[in-house]
Amino acid sequence: MIINAITYLDGTRVLVWRLEEEASQLLALCCEQDVKCEDLAELPVKRQREKAAERLLLRHVYGRCVSLRHDAQGAPSLEGETANISITHTPRLVALAVNDSRVIGLDAEQMDRRQVLRVRDKFLNADEQQFIAPNDLAAHIIAWTAKEAIIKAERNSAIDWTDGITLEPFVIHADETILMARCGDNRYRLECRQIDGHYLTIATPCVP
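All residue numbers for the sequence shown refer to the numbering used here, where the first residue is 108 and numbers rise by one.
Please keep in mind that the hints were generated in silico from the structure rather than gathered at the bench. In this text, a Cβ means the ideal position worked out from N, Cα and C, and glycines have one as well.
Ranges of calculated distance between the beta carbons of each label pair, as one might list FRET restraints:
| no. | residue 1 | residue 2 | range |
| --- | --- | --- | --- |
| 1 | Q140 | G304 | 24 to 30 Å |
| 2 | D243 | S264 | 25 to 31 Å |
| 3 | A233 | E145 | 47 to 53 Å |
| 4 | D228 | D178 | 27 to 33 Å |
| 5 | A190 | M108 | 21 to 27 Å |
| 6 | A190 | D303 | 22 to 28 Å |
| 7 | Q132 | V226 | 32 to 38 Å |
Work out the full structure, taking the sequences as your base and the hints as a guide.
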């Protein structure tokens, strides 16, 4: 079910679906709301749940069935629509962001995912490791989601996580954490919120 709907100052809309239904329940909801789902039947159950939730969220945003397509990088776009879209999944939620005119990137991660502490060298550069303490789980997860959101906004999965993106020092707040970062010639503003046991981060490029 939809547990959160956020509208940001730049017009970006973010909707979050908590994945608590079985795949059969989500497919039934799709049928009830006239959302295409026949093509999901052959997918693994995990993917059925994610894809059905995506389509139900889009149905909520547009009031009708809207089809997704993906480019060679796997980045999503909407058939017949010019809006920018970004989607993220975790085992417990699906979230999507839509903006009619601005590039966006969205990522979410569970707040208790301690695995990121063991791979900090793979996504934090030397400068970032100076201000992100080795045992600061929250800062690691926020940094991870920030870099993933930027990669999605750039629509380029080949970007180097360590040296290709540089985060500026940030202070974590309970309600919302603001970060700034640079990727190539682009500077990004990122907003991270705590939602249902997750950090949810959206990236938008700064206007020159």
